[in-house]
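Please take these sequences and the hints and turn them into a complete structure.
2 protein chains.
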Amino acid sequence: MGRWEPDARGRLARSALELYAERGFDQTTVAEIARRAGLTERTFFRHFADKREVLFHGSRALEELLVNAVTGAPEATAPMDAIAAALDVAGGMFEERREYARRRQAVVAAHAELRERELIKLASLAASLAGALRGRGVAEPAASLAAEAGIAVFKIAFERWAGDAGGPDLPRLMRESFDELRAVTAGA
Amino acid sequence: MGRWEPDARGRLARSALELYAERGFDQTTVAEIARRAGLTERTFFRHFADKREVLFHGSRALEELLVNAVTGAPEATAPMDAIAAALDVAGGMFEERREYARRRQAVVAAHAELRERELIKLASLAASLAGALRGRGVAEPAASLAAEAGIAVFKIAFERWAGDAGGPDLPRLMRESFDELRAVTAGA
Chain A
1 MGRWEPDARG
11 RLARSALELY
21 AERGFDQTTV
31 AEIARRAGLT
41 ERTFFRHFAD
51 KREVLFHGSR
61 ALEELLVNAV
71 TGAPEATAPM
81 DAIAAALDVA
91 GGMFEERREY
101 ARRRQAVVAA
111 HAELRERELI
121 KLASLAASLA
131 GALRGRGVAE
141 PAASLAAEAG
151 IAVFKIAFER
161 WAGDAGGPDL
171 PRLMRESFDE
181 LRAVTAGA
Chain B
1 MGRWEPDARG
11 RLARSALELY
21 AERGFDQTTV
31 AEIARRAGLT
41 ERTFFRHFAD
51 KREVLFHGSR
61 ALEELLVNAV
71 TGAPEATAPM
81 DAIAAALDVA
91 GGMFEERREY
101 ARRRQAVVAA
111 HAELRERELI
121 KLASLAASLA
131 GALRGRGVAE
141 PAASLAAEAG
151 IAVFKIAFER
161 WAGDAGGPDL
171 PRLMRESFDE
181 LRAVTAGA
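Protein sequences appear in the order of chains A and B. When the letters of the first sequence are read in order and numbered with full-length UniProt numbering, they come out as residues 1 to 188. When the letters of the second sequence are read in order and numbered with full-length UniProt numbering, they come out as residues 1 to 188.
Simulated from the structure, these hints should not be mistaken for laboratory data. Don't be surprised by glycine CBs; every beta carbon is placed ideally from N, CA and C. Be a bit skeptical, because a hint or two may be false.
What the hints assert, rightly or not - Short, incomplete list of chain B residues facing chain A, as computed with Cβ under 7 angstroms:
(1) 145
(2) 149
(3) 152
(4) 182
As the list claims (entries may be wrong) - In silico negatives: residues of chain A with every beta carbon more than 10 angstroms from chain B:
(5) 6
(6) 9
(7) 24
(8) 38
(9) 42
(10) 52
(11) 72
(12) 94
Unchecked claim - With a Cα cut of at most 27 angstroms, we get these calculated DSS-like pairs of lysine-lysine:
(13) A:121 x B:121
(14) A:51 x A:121
(15) B:51 x A:121
(16) B:51 x B:121
(17) B:121 x A:51
Take a look at the structure:
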């Protein structure tokens, strides 16, 4: 059967996030998420493997976007510039859904297992970016160092951005963090 | 009862590592580890909470060592220099037990859940180092960026070191990685 539900995925994700924020992640069931979205559990499981997946389904798209941006950067681009340009594109994308990203971040930050899952996704992102740099001919350990440093900038800027509703936009915070990293590294 | 067993902890750790390498982590039981060490399961559980703990019991000592080195660095030391000096001390300590560290690394690298545990320990290390820098008056985001960059250097140098038995020592690989990070960051 399964009649078409307009934006079922988006409605499920928003309902899930509301419930996680209201009751906590552990206390929320898939049945409740589906009910809040006006959909069935069956529809939920057509879109997400489980309730944790709602929070992390975007990580594959983010990885693809970053890897493609690094791979597609002009040939003469320095490794760190390729990473910075890729993060700038991602930052613009997050900026468009700041409120959603902020709410998601608050749910993840409040739950140890979700924080761990986030760290693992970030490490996987760094490994993919290092691979993309090696594909551009960057040698190790420069490729891994640039990728890890870029992800550190992203992580720190993202946390500041998500924690400060009225503050600067994410691309700007990432540029500031890159400058700060350069200053702190040059001092060593 | 419990008669005193000379270096029970070290014998258990070495036996565990041998068995993890021979059979795999999942296929090894605590009973087998104790038997190989010539000790009882009861003695095992006096020293370690579970068989995973054998691989990670050193992380608290490492964290203490790094945090104390950062906190105790001379007042005028720049943030990244304080981190580099701390990692240099830790590197010397690892160098003294290179063979053990290499074997442990091979076991962790072969097992997804252990790799995740390692990432989480490294993230916790970065958070503690950032805290130690803030304790020295370093502002955010500089404190977190220096700490995350330092842990990236440590991670990448450690993997190279553990994977190359005849290569340079760990303190040297970390110094090279710091130089490389500076070069790659300055280029951005």
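Numbers of unmet hints, in rising order: none
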